[in-house]
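Engineer: With the hints as your guide, set chain B onto chain A.
Just so you know, the sequences run in chain order A and B. Each residue of the first sequence is one higher than the one before, starting from 1 at the first, in my numbering. Each residue of the second sequence is one higher than the one before, starting from 1 at the first, in my numbering.
Source of the hints: derived by calculation from the structure; they are not laboratory data. A hint or two may mislead.
What the hints assert, rightly or not - Just the calculated beta-carbon pair ranges, DEER-fashion:
#1 B:Asn210 <-> A:Arg68: 46 to 56 Å
#2 B:Leu387 <-> A:Asp66: 30 to 40 Å
#3 A:Ala50 <-> B:Gln115: 49 to 59 Å
#4 A:Glu89 <-> B:Val208: 52 to 62 Å
#5 A:Asn78 <-> B:Val208: 51 to 61 Å
#6 B:Glu399 <-> A:Glu89: 38 to 48 Å
#7 B:Asn141 <-> A:Asp66: 48 to 58 Å
#8 A:Ala50 <-> B:Asn141: 40 to 50 Å
Every residue gets a Cβ at the ideal spot worked out from N, C-alpha and C, and that includes glycine.
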Amino acid sequence: MSCHSPRITMLLFVCSILPLQSTHADDLRVNRLLASQCAQCHGTDGYSVAGIEPLAGESAKDLIEDLRDMRKEDKPENIMDHQAMGYTEDQIRRIAAYYSTIPEPGGSRSNESEEKEEKEKEEEESEYEKHED
Amino acid sequence: MTLNRRHFLKAAGAGLALANIPTIHAATPPRVIVIGGGFAGATVAKYIRLWSNFSVDVTLVDPKPQHTSCVLSNLILNNQLPFSKLKLPYSSLESKYGVNVVRDKAVEINGPGNQIRLKNGGWRSYDRLVIATGIGFKKPNGLDSKLSPHAWIAGGQTKLLARQLAGMNAESTFVMTIPKSPYRCPPGPYERACLVANMFVQRGLTSVDNPRVMVLDANSGIQAERETFSHAFNSIYRNVVQYVPDAEVHNVDSSSGMVYTTAGTFQGDILNVIPQNRATSFVRRQGLTDGDNWAPVDPTTYESVLSEFQGVHIIGDSQNTNQPKSAHMANAQAKICTDAILRSLSGIPTDTIERLRNITTNSACYSPITKDQASWLTANYFYNPDLEMMQLRHVGEAEEWNHSNYKQMFVWASNLFTDCFG
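Only chain A is shown next, with the shape it has when bound in the complex (with noise of 0.2 Å):
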């Protein structure tokens, strides 16, 4: 993407002018939208309905995990493997950090869990950013 055209000069200046908390939100409603265009298989907000994997309450390490080896795929063979390629390193991390955030079904998980998993997407994304560079 080119950053030289006016409207994105701009664009920069507006975001650099916005507060951290609005920058914040528009982060979460971007990881929402982009969560939201799994819903059609996988259910709102992730609460399939039928013979589709949940994706609610996913934690983020093995949501990427997962999609990272589907993009992999040297021969895709499902429609999975084939959507995963559809998706940036970033807007997998969104996703991911999206799901994560949503009770699983069937109930709200206990603090321990929610601890052990904030922990590990901690170390996730060290490890993202090792990747990244």
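Structural biologist: Just chain B, lined up with the frame of chain A:
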């Protein structure tokens, strides 16, 4: 029963992530009116309520009491699914999400005045208007759809074609015509040809010298799942299907079963003429279309690009954004439209870099090839900010048709139907 916000939150099972995104606080709730309750309209109505934390007033206007799904509707033709399974009621949108469903028909838009006139309900004001009225047709001369059904909008036409097919015999010929792209459901006509061919095979009505299923395509080649359908036409249906490309329909004589095309004249006992698709007459009459007969919109908001229609969004099959016209895609567009509308109502820009980099849509669908086997197709699109348009990122199709795909088709449809209507 009065349903409050807490009630809806509980009923909808809204996720934790909701709490972190500021919602709209206004003395009078903003009003969104959605015209058309198909896959696109139902999804945008549901998601605006859900993502606004039930703070936006949403009215869904449709003349029918429920939607009839085109998805799976070819299975009515070969009697593999009861018609009732295509019915998608609006009851969940009302009870679970608090959408006001109004049985009426839109007749006129006053763009500058932010008002829409309903046939029975008169003028209504809106803050944002979403039009999701599906497709219209440009019928060739001589076509009588009561004799030669298109069955391309599910309902009575589907039942009519099913009845005609049920009555076919050893002498019958089925002639179908496929319009020029873009049209609704790119693989749909080829899927239908396969299922009708399969009916001939099942009934033992095949003959090497006399193909029973004539597929007259206005396009120069198969428009979706080319490998799969070419293979099917040339293998299991080689004695049944004759595929004719570049056959654009000039005119039709429904009473004698004649179809006159650029590739010659054909006669059938059963004529299935799918006319040229375009935006619905409502969208065209309001001046929302361009020379191509589709509504030009910004694919990051689905708002009309025409200055007199600011605040009017068109999603689903009537708009023109270089993406396939399918239920799955209509749902995808509805979500982008929802996000754009809620941002606009909150005074938040829709063109932040992060958002523009992450506008994605996808489509997936299953195509039955025989009465119990199916293939599938999947495609991902992304917004290119430099070109300001949607572009294909990846496409994939099944390597073979099989029973496992056929079973998975119903699972996919069930989740899709629920994400839109449930």
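Engineer: A separate judgement is required for each hint: does it hold in the structure or not?
Structural biologist: Evaluated hints:
| no. | hint | verdict |
| --- | --- | --- |
| 1 | B:Asn210 <-> A:Arg68: 46 to 56 Å | holds (53 Å) |
| 2 | B:Leu387 <-> A:Asp66: 30 to 40 Å | holds (32 Å) |
| 3 | A:Ala50 <-> B:Gln115: 49 to 59 Å | violated (41 Å) |
| 4 | A:Glu89 <-> B:Val208: 52 to 62 Å | holds (54 Å) |
| 5 | A:Asn78 <-> B:Val208: 51 to 61 Å | violated (37 Å) |
| 6 | B:Glu399 <-> A:Glu89: 38 to 48 Å | violated (27 Å) |
| 7 | B:Asn141 <-> A:Asp66: 48 to 58 Å | holds (55 Å) |
| 8 | A:Ala50 <-> B:Asn141: 40 to 50 Å | holds (45 Å) |
When each numbered hint is compared with the structure, violations occur for hints 3, 5 and 6.
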